[in-house]
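Colleague: For reference, the chains in residue letters:
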Amino acid sequence: MNFFGKALDLYVDGFRNMKLGRSLWLIIIIKLVIFFAVLKLFFFPDILASNYNTDAERASAVRSALIE
Amino acid sequence: MNELIEVVDWSRAQFALTAMYHWLFVPLTLGLSVIVAIMETIYYRTGNERWKGLTKFWMSLFGINFACGVATGLILEFEFGTNWSNYSWFVGDIFGAPLAIEGIVAFFMEATFVAVMFFGWNKVSKGFHLASTWLTALGVSLSALWILVANAWMQYPVGMEFDPAQMRNVMTDFFAVALSPVAINKFFHAVFSGWTLAGIFVIGVSSWLLWRKRNISAAKSSLKIGAWVGLAGMLLTLFTGHGSAVEVSRVQPMKLAAMEGLYQGSVGADLIGVAVLKSNPEQTPDDPMLFSIDIPKGLSYLIYADGEHFVPGINDLIAGRSITAEGDTVYGLSYADKMALGRKARTALADYSKALEANDSNAIIAAEKEIKENFPYFGYGYLEKPEDAVPPVATTFYAFHIMVAVGGLLFAVLLLMLFASYCKTNVLEKSWLHIIGIFSIVLVWICSQAGWIVAEVGRQPWVIQDLMPTNAAISSIQSDSVQFTFWLFAVIFTALLIAEVSIMLRYISNASKTDIEKTR
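Here the protein sequences come in this chain order: C and A.
By my numbering, the letter at position 53 of the first sequence is numbered 53, and the numbering carries on one by one without gaps.
Numbering-wise, my numbering comes out as the position in the second sequence, counting from 1, plus 1000.
Simulated from the structure, these hints should not be mistaken for laboratory data.
Nothing here was measured: the structure is a model prediction, and the numbers come from that model.
Do not rely on the hints blindly, as some may be mistaken.
Claimed, not checked - Covered by chain C, per the in silico footprint, the following chain A stretches (three or more residues, Cβ under 8 Å):
| id | region |
| --- | --- |
| 1 | 1056-1064 |
| 2 | 1073-1083 |
| 3 | 1112-1121 |
| 4 | 1276-1283 |
| 5 | 1472-1478 |
Claimed, not checked - Under the rule of at most 20 Å between Cα atoms (straight-line distance), these lysine to any residue pairs were calculated in the SDA-like manner:
| id | chain 1 | residue 1 | chain 2 | residue 2 |
| --- | --- | --- | --- | --- |
| 6 | C | K40 | A | S1353 |
| 7 | A | K1372 | C | K19 |
| 8 | C | K31 | A | A1071 |
| 9 | A | K1372 | A | E1077 |
| 10 | A | K1123 | C | I67 |
| 11 | C | K31 | A | K1123 |
| 12 | C | K40 | A | A1325 |
| 13 | C | K40 | A | K1220 |
| 14 | C | K19 | A | G1127 |
| 15 | C | K31 | A | I1492 |
| 16 | C | K31 | A | F1486 |
| 17 | C | K6 | A | L1130 |
| 18 | C | K6 | A | I1498 |
| 19 | A | K1385 | C | R22 |
| 20 | C | K40 | A | I1503 |
| 21 | A | K1220 | A | I1438 |
| 22 | C | K6 | A | A1071 |
| 23 | A | K1297 | A | G1332 |
| 24 | A | K1354 | C | A7 |
| 25 | C | K40 | A | L1130 |
| 26 | C | K31 | A | L1076 |
| 27 | C | K19 | A | V1501 |
| 28 | A | K1369 | A | S1353 |
| 29 | A | K1123 | C | A59 |
| 30 | A | K1123 | C | K40 |
Note that the Cβ used here is the ideal one computed from N, Cα and C, for glycine as well.
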């Protein structure tokens, strides 16, 4: 088996034989879903990226905010 | 105005909650990775299978902590974009470059070598497995390096130039940013404090095993390693902590004055050991403490290695007052002067904006020159009065002294545990020692969190030292939405923390009923 085959086998076999790791991966997946599919999507928009189309507009918005 | 204060306060509370939650996991990952690597090295050198069993036991606890902590820092980046958009834009690539490097290093090093650590037993050679374990430890430290470099830049902004056209700070010297003395000290202080925390964690878990009279041999061996790593971490944390204090005196003297509750500076300033601040200490600047036990001239000596050196207090810094080695009182820029210069920079920025709209190149050049000259004081232009540049003194003062006092207590615990480990009598079997060991776990996390409170509350009102105060960094958003997400985070983080602690306790309890030293 070549290097890449051995590396793939390491991961596949490792994931297949996990015990404690199953619960941990479940926590990681739940966490990532909550973070990205709920929090990021609904509650944490990138204000400047979503409200302005170009970097020049974003710079202008920040300049206005800092001058006020 | 009240709405702005509410948004700023809720956003700060949210950021503090997220950062403190994130920092529950990070130091244990930093330190436990080293302890696991040391145990595996002993296994590699001796070939004794009991060390393989011990390595696997602590590696599993490392894995639980790693899994629960991973990605919790991402929330901070979400908050930058939503709550702190002015700040995020203003810092430009200074923050982006270190964080990008962190992402790449963390992903490739940790994803590769953590997998070999957990999946590679009996699949790769002993030497390669050991190398992977050490590289994981190195990888987690390198991840911490870049985020700490970014944080250090906020405390001591160097290696950049402000470009009013882009409204961003543009990095001009990567090495000045990455190798600033504040960044180097902060990195080592954080990493070594992680060693201390993990050492105490191992001592605590081992003490519980000894208390329950389970896996005595494993517990004794682990406790000894935990105590050595913890002690090494503690000594190095003390050393780098001193270095940090010296840097703070140089680049953030107001933070140092707040840490010591020093309103009126003096030649030969005392170091406070134990003290209670008066309720309104600013009203009695010559005597701000209800009571205190001081080390005479200790502060001057610690910071300047000269017991007769002048240490400025809060009022001296506001007035720009200092005392020379010859005893002459001299005045530099007061905070009122800096506010005037900061306002000049803000006005010049407004002129720049108008000139840009009018496409008046001469006016643009003139405004750019004015901005550049006064940019070091740009943030002072947002203050209403000089006293606004004083951080919350009581929080900074107590957090600092709690950190030092608890750190001292933990130092004694580490020495006691080492003594008990090598003592020929049966000290290690005493219940009181086990209770101290278990209780120390709580103390070390208090100490670790207190350190960050000093660093972050002590630098207020600045989000970027002297350049941007917190209230200028905030986005134009409603406080209601920030309040809602604050409580949402509180619920999610509490649930995740309960999940981690319960998985960890269940694992320790189950493993304690088996032979930990037996290779599984």
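Colleague: Which of the listed hints are broken here?
Modeller: 4, 6, 7, 9, 10, 11, 12, 13, 14, 18, 19, 20, 22, 23, 24, 25, 29, 30
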